[in-house]
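Starting from the structure of chain Z, add chain G where the hints point.
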Amino acid sequence: MKHFLEGSRAVAEVVKLCRPGVISAYPITPQTHIVEELAQFVANGELNSQFVNVESEHSAASVVLGAAATGVRAYTATSSQGLLLMGEVIFNIAGLRLPLVLTCANRAVSAPINIWNDQQDSVSLRDSGWVQFYAENMQELVDLHLIAYRLSEDKSVMLPVMVCMDGYILTHGIETVDLPSQEQVNKFLPEYKALYKLDPADPVTMGVLADPETYMETRYAIQKTLKDTLGLIPKLHADFSKVFGRTYQGLIEEYRTKDAERVIVAMGSVCGTIKEVVDELRAKGKKIGLLRIITYRPFPCQAIYEALKGIPKVAVVDRALSLGSYAPLAGEIKAVFFGKKKKPQVISSFIAGLGGRDVTRHSIKEIIRLLTATEKIGEFIDLKPELLKENYS
Amino acid sequence: MKHLLASGHTACSGCGQAIAARLVIDAAGKNTIVTNNTGCLEVFTTKYPESAWEVPFIHSLFENAAAVASGVEAALKYLGKKDSINVIAEAGDGGTADIGLQALSGMWERGHDILYVCYDNEAYMNTGVQRSGLTPFHAITTTSPSGSQSQGNIRPKKPMPEIANAHGIPYVATASVGFPQDLQRKVKKAFSIKGPKYIQIHVPCPLGWRHEPILTFQIAKLVVETGLFPLIEYDNGQLTGRKQITPKPVEEYLKVQARFKHLLNNPGELQLIQDIADNNIRKYGLKIENKEQS
Chain Z
607 MKHFLEGSRA VAEVVKLCRP GVISAYPITP QTHIVEELAQ FVANGELNSQ
657 FVNVESEHSA ASVVLGAAAT GVRAYTATSS QGLLLMGEVI FNIAGLRLPL
707 VLTCANRAVS APINIWNDQQ DSVSLRDSGW VQFYAENMQE LVDLHLIAYR
757 LSEDKSVMLP VMVCMDGYIL THGIETVDLP SQEQVNKFLP EYKALYKLDP
807 ADPVTMGVLA DPETYMETRY AIQKTLKDTL GLIPKLHADF SKVFGRTYQG
857 LIEEYRTKDA ERVIVAMGSV CGTIKEVVDE LRAKGKKIGL LRIITYRPFP
907 CQAIYEALKG IPKVAVVDRA LSLGSYAPLA GEIKAVFFGK KKKPQVISSF
957 IAGLGGRDVT RHSIKEIIRL LTATEKIGEF IDLKPELLKE NYS
Chain G
49 MKHLLASGHT ACSGCGQAIA ARLVIDAAGK NTIVTNNTGC LEVFTTKYPE
99 SAWEVPFIHS LFENAAAVAS GVEAALKYLG KKDSINVIAE AGDGGTADIG
149 LQALSGMWER GHDILYVCYD NEAYMNTGVQ RSGLTPFHAI TTTSPSGSQS
199 QGNIRPKKPM PEIANAHGIP YVATASVGFP QDLQRKVKKA FSIKGPKYIQ
249 IHVPCPLGWR HEPILTFQIA KLVVETGLFP LIEYDNGQLT GRKQITPKPV
299 EEYLKVQARF KHLLNNPGEL QLIQDIADNN IRKYGLKIEN KEQS
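If you read the sequences in order, they're chains Z and G.
So in our numbering, the last spot in the first sequence is 999, and the numbers never skip.
So in our numbering, the last spot in the second sequence is 342, and the numbers never skip.
Here chain Z stands alone, though its shape is the one from the complex (with noise of 0.2 Å):
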């Protein structure tokens, strides 16, 4: 049924529809409104969930953790320094191979403090271990969150994951959203079955000490497990599609790729801008393309090599840094193509959009209008020259 809807709150729904048994959270902006509409349900018996309320972003993925190793659905959600606070747990949620869905409403990181939106707290967990989707609109981070649930307690997955969803351009932005039943929910969610649990009927140990004869042996699994997760996520959106009739291509999406003469490579809401301009330009008989990253972890090389194998010129557009190193997106497609004869001709790296800074359809023409056959590396777009003099008077 379609409802006219903020992004948190569409979370909140369907994150409702999938029966979490434990909620817990800390409040963060933008992350708050989806927890509070979380509460709110558990509070109206609409939801029957234990809602937790800890005192930091540490405990709140602790305390999903400690539900998930009891056998229990959990959710939980969080942005920047929360996630960031949460980092420690994150990478031992991933290590104990527990199934878990968080949803991060990507915040830009202090300092200085800044609450609006670019994806530097998700990104730079890229290493830990979860998968994490980037989501362009409303309708899709419904849906990413019902796949997220279905991935991560696949019996050969068994990892976590995070939906990545724009600060306020996607958590406070209002969309007409197709929200689904609990009939077909249900179906392609089935009630969670724990392989392993705390149970004193049955007792394992969780969590154990590994010395350098074992602990290299669990990395390389999640590494395995991760790889192979590449092959699944197409088909769960196949069988989410006969459920649920939307069709999305699960890692990526090409976007008026096929004939493109340059192609702008990016991950999230910025996607939908980009689309604008491609068809703007289109329009006018330009060969624009757009490449969307939906599944950052597991990275999808082969579907991005394919995608890309015969664009000339490719820009990649990161709302992230790796300070001091090549952008993290930028680097890693370039990463892609290298010794491979099939390749652009350039791959050109823009920065864009860091704290909130609207990335306008302006910023996205300029990024084309520098997509030249110099490779650009790096490239600030929108930067104000005012405020980069320096004076130490």
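There's no promise every hint is true.
[Said to hold, decoys possible] DEER-style ranges, computed between Cβ atoms:
#1 Z:E823 to G:L255: 28 to 34 Å
#2 G:S132 to Z:P718: 36 to 42 Å
#3 G:R258 to Z:E996: 35 to 41 Å
#4 Z:K833 to G:Q197: 36 to 42 Å
[To be verified] If we take Cβ atoms under 7 Å as the criterion, some of the chain G residues that face chain Z in the derived model are:
#5 I81
#6 Y96
#7 V120
#8 F239
#9 G243
#10 P315
#11 Q319
Hint data in this document are derived by calculation from the structure and do not stem from the laboratory.
Bear in mind that the values here come from a model prediction, so they are computed numbers and not experimental data.
Backbone N, C-alpha and C fix where the C-beta goes; we use that ideal spot for every residue, glycine too.
Relative to the frame of chain Z, chain G by itself:
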């Protein structure tokens, strides 16, 4: 009797924590889930592929056992199983009084039905004997050494039982591995009470305190008998139990541990530690008088 913490683990000879952990889990019984902060206990009981635990056990991180236990407890409530399963969160003194205090405070304040057990061996032993918030006054650790400008640790122990009581929780107790029956009685009593519970158990560490392993029980008794670690019990914030003693001089406790060796020829410094014991004896009425028994 089959213990719920099996033998064959890798704790040091004379480890007070190993004995206390077994006493706790045996008293709690098999219908118990244990969460554990990082520390010696997790290291010596869970080295893959072995585990000493006969009950469900999870170790996550250094500071989050109380929060993980909160999640376990919430999950059990959701499953309708909380009434039949005990939850214990346990940690060492650093994991309790320092890095884990925030998560523990949250667990207490939220009212989870969990027993939190602190195995207090008075320093970070797992990392090689560094000072914690529960290291006693004047004790030597590797980060609170004695020297021309120092007599060791400069502060008394953080008053964890008082901090626990300040949260308004229904049961707070201290115990010593030197009094195992008292310890197990307190664990059983804790599980007869709903809500958050705190028990702090004094556990000698031969390696860190530098005493003979054979002296573990003797030292665990002496700390109580000198008044340095009073055995006390609070129900709903009211002092309802205390182990009364015929106080022995603190020197008897200090002289068998090399961590206090630097004080033994210094009567002035020794008196400062005697003052701590005397204050405890006064505060809690520990001295046996008028034939009052504990």
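Consistency of the hints with the structure:
For E823 of chain Z paired with L255 of chain G, a C-beta distance near 31 Å keeps the hint of 28 to 34 Å intact. For the hinted restraint 36 to 42 Å between S132 of chain G and P718 of chain Z, the CB-CB distance of approximately 52 Å leaves it violated. The hinted range of 35 to 41 Å is not satisfied by R258 of chain G and E996 of chain Z, whose Cβ atoms lie roughly 57 Å apart. For K833 of chain Z and Q197 of chain G, the Cβ-Cβ distance of about 57 Å falls outside the hinted range of 36 to 42 Å, so the restraint is violated.
Below 7 Å, beta-carbon pairs count as interface contacts, and I81 of chain G has one with chain Z at about 5 Å; its hint therefore holds. The restraint placing Y96 of chain G at the interface with chain Z holds, with a minimum CB-CB distance near 4 Å, inside the 7 Å limit. Look at V120 of chain G: its Cβ gets to within about 4 Å of chain Z, closer than 7 Å, so that hint holds up. Given hint, F239 of chain G at the interface with chain Z, is violated; its Cβ is 14 Å from that chain's nearest Cβ, farther than 7 Å.
The interface hint given for G243 of chain G is broken, as the beta carbon of that residue sits about 15 Å from the closest beta carbon of chain Z, more than 7 Å. The criterion of a C-beta within 7 Å of any C-beta in chain Z is not met by P315 of chain G, whose closest approach is roughly 45 Å, and the hint is violated. Because the closest C-beta pair between Q319 of chain G and chain Z is about 41 Å apart, greater than 7 Å, the hint is violated.
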